[in-house]
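K.L.:
Fit chain C to the given chain R structure using the hints.
Residue numbers (my numbering), protein chains in the order written: chain R, 1377 to 1935; chain C, 1211 to 1367.
Source of the hints: derived by calculation from the structure; they are not laboratory data.
C-beta atoms are modelled at their ideal positions from N, C-alpha and C, and glycine is treated no differently.
There's no promise every hint is true.
Claimed, not checked - Under the rule of at most 20 Å between Cα atoms (straight-line distance), these lysine to aspartate or glutamate pairs were calculated in the EDC-like manner: (1) R/K1395 with R/E1417; (2) C/K1354 with C/E1344; (3) R/K1684 with C/E1275; (4) R/K1721 with R/E1603; (5) R/K1876 with R/D1856; (6) R/K1687 with C/D1263; (7) R/K1780 with R/E1752; (8) R/K1713 with R/E1600; (9) R/K1557 with C/E1275; (10) R/K1684 with C/D1264; (11) R/K1684 with C/E1268; (12) R/K1557 with C/E1221.
Said to hold, decoys possible - To spell it out: a stretch of chain C is covered by chain R in this simulated footprint if at least three of its residues, at any positions, have a beta carbon under 8 Å from a beta carbon of chain R; those stretches are: (13) 1228 to 1239; (14) 1266 to 1273; (15) 1352 to 1362.
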Amino acid sequence: MELTGSEILWRCLKAEGVKEIFGIPGGAIIHAYDYLHSETEIRHILVRHEQAAAHAADGYARASGRPGVCITTSGPGATNLVTGILNAYMDSSPVVAISGQVSTNLLGMDAFQEADMLSIMLPITKHNFIVQRVEDLPKIIRLAFLISMNGRPGPVHVDLPRNIQSAKADVEIPAKVELNKYIRLDPKPYEILQAVNLIVKSERPVIMAGGGVIISGASPEITELAELLGAPVVTTLMGKGAIPEAHPLSLGMLGMHGRMAANLAVSECDLLLAVGVRFSDRSTGDVRYFAPKARIIHIDIDPVELGKIVKPDVAIRGDAKRVLRALIQALSSRWQKGRTEEWGKKIQQMKRELAPRMDYDNVPLKPQRVIKDINEVLDTVDAIVVTEVGQCEMWAAHFYRIQKPRHFIASGGLGTMGFGFPASMGAKVAKPNHVVVNIAGDGSFLMNSQELATCVVNNIAVVNCIFNNRYLGMVKQWQDLFFGKRRSQTYLGQSPDFVKLAEAYGAWGDRVERPGEIKEKLKLAIESGKPAVLDIVIDPDEHVLPMVPAGGRLDQMLT
Amino acid sequence: MKTRIFSILCENVPGVMMRISRCFTRRQINIDSITVGIEPSGLARVILSFQADDHTTEHLRKVLERLIPIVNVEIIDPEKAAVREISLLKTRRLDDREVIDFIQKLEQKSGRVLEINDGVVIAELSGEHSKVEETVKELSPYLKEVARSGQVYLSKE
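Just chain R, same shape as in the assembly:
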């Protein structure tokens, strides 16, 4: 049967199991949207800025583990995706982005709303396509989804010219294609043997878990291995939730704004088992002094990461879950119980002595206290926590205790302000029965606050907790610490009134100024069942501490 490109597109998306999609129509994608008008199986969420569509798809993917999909028109619609797509690329998130393009006969003619998206998306996607013939569309959509999820996930962009959407073809859906890229999932026996030989000799092992553990679904294996070895677990920002942070062996996040006990454990350990991490400079500090006493085993599915920053003693290529299973099996007969008893005592002592203080009663509020109260409320409802970028993100990453994988979503590699709100929108759409809370700063929130309209119109009840200090807080912190307290262009002024802003959109809004109000008002916000904004007025002079200055050593933190 002959179908138009538009019909083919939606049928292909349905064949991939797509139920929700974020986007904005426009001239070059109008044929596709025309067919969507009579589509009943796919829920389209009309966002208010294309950047939000990309972040929402990203948040959807991270919360669900399935590809998130966004769709826009050509030119500005497509270029507005760029930040969101790069953000997904940096954090290995499977996003499939589709944008309209001018008709193929106008390509390269500087036509209205033409942008060379093939070139623009090329360096920031795992792969990208332009559809030249309508017959190729089923194959390209199938490949886009396969590539986004194959091995290390990432975004894929499909540029879809206008005339292809209206052209007709008789095609098979889904197309039968296979990827030419073979990704090795299982480790080689000698890799496991080499790793086990190192592990059984260690007395002070530490496990460093990254985003790869979450993606692979290897959290149970991380916990099992930690318990078997008596090894503490530190996580990267992307790895938060890899082990329940209430677990006695969890030391929390390491790195620039990591927990002191986590950074010291890495600096003291004699064996570092790094799983699904890429040794970002925010995690390692000065690499020359990173885990200086340790033999290093690095497990990753992407061979590019092995040896890129840190040269491991043993590199294991494979899927984290399968590699950890193989290690646990091999170690169960060879590991001598009790080897790490001393180390375990020391770790527990460090954990006790270096536990951060959170029980402040100050007004204006201390962010530590706010996180503590939010944490206590959300622990009872299995919430997904999303963050914006900057101080708010680091307070959440440092102090909040996450108990499950895919329950903490933050912009890691790119550090994109404006990510949190649309990403939490995406997470809420993917997981409608979960409470989704965006821990935001006032600066970040304003970068995509227009999405309050999207949330109100589409009944997406995300709760925004705005840590409002009226500053671009993290930049201000660096100015305070390293630039003689010259707060150049970081004060944002006393506008807007966030409660009124929320109400103007038809969202629930309230202000929190005293310690006693946090829990009560957060509960009210959740119970309102509406998109909500909590304007939490915090101490504008509070820094995120402890801190490893950029390029500094993990064992030398500012406190």
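P.N.:
Showing chain C alone in chain R's frame:
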């Protein structure tokens, strides 16, 4: 820093050169030479040379192999490879005496005349990069235009 040679087998599709070259651009590495040929299978063989240290070379190899249209990347050791570069030469308008001198010098270097038209000689020259370089320099008083292929490598192993 040593001369490195990659022999890249990839799909013959638009944009593949850009996908490859940007991996070098991003790391501020200059590509010294690049040649492309289509294999009997229909896949393209891209051979390129550049200067880099061991770590960067291995990293680049893995980055390139990760690209979807790339099938594999081999590192060719220049010591164990046959190398050729081809040059096409066009002289200015020469008088009869100069034509004879030019052809003599060219043939001493194993060059070959392709055609002579009204005192303008078109010739070809091939060999190792340094030899071609040297000959072109020597013949430069006669020359108006030179087109060079870049270096083509074939692993002997």
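K.L.:
Would you mind marking each hint as holding or not holding in the structure?
P.N.:
Status of the hints after comparison with the structure:
1. R/K1395 with R/E1417: 7 Å, holds
2. C/K1354 with C/E1344: Status holds; Cα separation ~16 Å.
3. R/K1684 with C/E1275: Status holds; Cα separation ~15 Å.
4. R/K1721 with R/E1603: 14 Å, holds
5. R/K1876 with R/D1856: 31 Å, violated
6. R/K1687 with C/D1263: Given pair R/K1687, C/D1263 holds - Cα atoms ~16 Å apart, limit 20 Å.
7. R/K1780 with R/E1752: 15 Å, holds
8. R/K1713 with R/E1600: Since the Cα atoms of R/K1713 and R/E1600 sit roughly 14 Å apart, the hinted pair holds (cutoff 20 Å).
9. R/K1557 with C/E1275: Distance ~9 Å between R/K1557 and C/E1275 Cα, so the pair holds.
10. R/K1684 with C/D1264: Holds, because 12 Å separates the two Cα atoms, which is no more than 20 Å.
11. R/K1684 with C/E1268: OK: R/K1684 and C/E1268 at ~9 Å, within 20 Å.
12. R/K1557 with C/E1221: 12 Å, holds
13. 1228 to 1239: Since three or more residues must qualify, the claim that chain R covers the region 1228 to 1239 of chain C holds, with 4 doing so at under 8 Å.
14. 1266 to 1273: As far as the region 1266 to 1273 of chain C goes, the hint holds, because 4 residues have Cβ atoms under 8 Å from chain R.
15. 1352 to 1362: violated (count 0)
The structure shown violates the earlier hints numbered 5 and 15.
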